[in-house]
Structure formats: structure tokens, C-alpha cells
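S.K.: Sequence:
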Amino acid sequence: MSMSSSSPEDDEDCVVAVKFLGPQLSFCKPAGKSKPEWTDIKIENPCFDSSRVMFSKKDNKFRIPGSGGHLIGSWDLREPNDKLKLQSVQFENLPPKLPTPIHELMDSCSRAA
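Just so you know, the sequence shown maps onto residues 1415 to 1527 in this note's numbering.
No wet-lab data here; the hints were simulated from the structure.
Every value quoted in this text rests on a predicted model; they were computed, and no experiment measured them.
Glycine included, every Cβ here is placed at the ideal spot set by N, Cα and C.
Possibly wrong hints are sitting among the right ones.
Said to hold, decoys possible - Listed below are the simulated SDA-like cross-link pairs for lysine to any residue, each with C-alpha atoms no more than 25 Å apart in a straight line:
1. Lys1456 to Leu1485
2. Lys1472 to Phe1505
3. Lys1443 to Lys1499
4. Lys1475 to Asp1454
To be verified - Between beta-carbon pairs, the in silico distance windows are:
5. Asp1427 to Lys1456: 47 to 57 Å
6. Lys1449 to Pro1515: 55 to 65 Å
7. Ser1488 to Gly1436: 17 to 27 Å
8. Glu1451 to Glu1506: 39 to 49 Å
9. Gln1504 to Asp1473: 12 to 22 Å
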């Protein structure tokens, strides 16, 4: 879950986003109406099934990183619609091989889910 504002009850433009396991992403404006309505988006690309949603204050967008790190899905609050905009992430000028100490350090890192 992510919110566009830290005070959803005080900010009528606040949007709450919830990413469920699988292809569903849902949005709601809790203070906008007496009975808030949810907008559901089905994300077609399976690389987002286990991703988390986050809000970028800088861009005023909700973002979802795809597994593998090669895609980012975004939903713009200024242009609401029922489709995610996809961006491909490409890294340039990577060294052909990491130096051994850095490689060993990265191998020792783990991520808990």
C-alpha cells in the first residue's frame, strides 16, 4: 500500500494505492466522496505480480518496479486512466566484469522477502 499524502483524511486529493499479489492494482480517494470508490487496474505483464507499489512525490506518480529490474510501471495522478505506463530500464557503461572484492561482497548480500 502507498499513499500520495501522509494525511488522507485531511487531503481530499490524496490517493491510496494497493498492490495485491497477482495482477491487481487498486486506487481510491478516501476523502474525495462520502463513499469512496475503488478503481481496479489489471496489470497484464506478470513481472509485476509480486511487486510493491510506491509513490514518487517528485513526479506525482505511483510506481511499481518489475521483477528483474528491467521494467518500471507508473500511474500518473495528473492523467488518471486504467493503464500503467511502462518504462524500460537499461544500464549503460557497465564494467564487463566486477572486481573480485565487489563481486564477493555482492554475493554475501541477501534479501529477505
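S.K.: Evaluate each hint against the coordinates.
M.R.: Evaluated hints:
Straight-line distance between C-alpha atoms of Lys1456 and Leu1485 comes to about 16 Å, which keeps the hinted pair within the 25 Å bound. Between Lys1472 and Phe1505, the direct Cα distance comes to roughly 22 Å. Compliance with the 25 Å bound is thereby established for this hinted pair. For the hint pairing Lys1443 with Lys1499, the CA-to-CA distance comes to about 20 Å; that is within 25 Å, so the pair holds. Annotation: proposed proximity of Lys1475 to Asp1454 holds, straight-line Cα distance about 16 Å (limit 25 Å).
For the pair Asp1427 and Lys1456, the supplied restraint of 47 to 57 Å is violated, since their beta-carbon distance comes to about 25 Å. Judged by the Cβ atoms, the range 55 to 65 Å given for Lys1449 and Pro1515 holds: they are separated by roughly 58 Å. Evaluation of the 17 to 27 Å hint for Ser1488 and Gly1436 yields a pass: the beta carbon distance comes to about 19 Å. Glu1451 and Glu1506 have their C-beta atoms about 43 Å apart, which keeps the hinted 39 to 49 Å range intact.
In this structure the hint that Gln1504 and Asp1473 lie 12 to 22 Å apart at CB holds, the actual value being about 19 Å.
Consistency note: the structure conflicts with earlier hint 5 alone.
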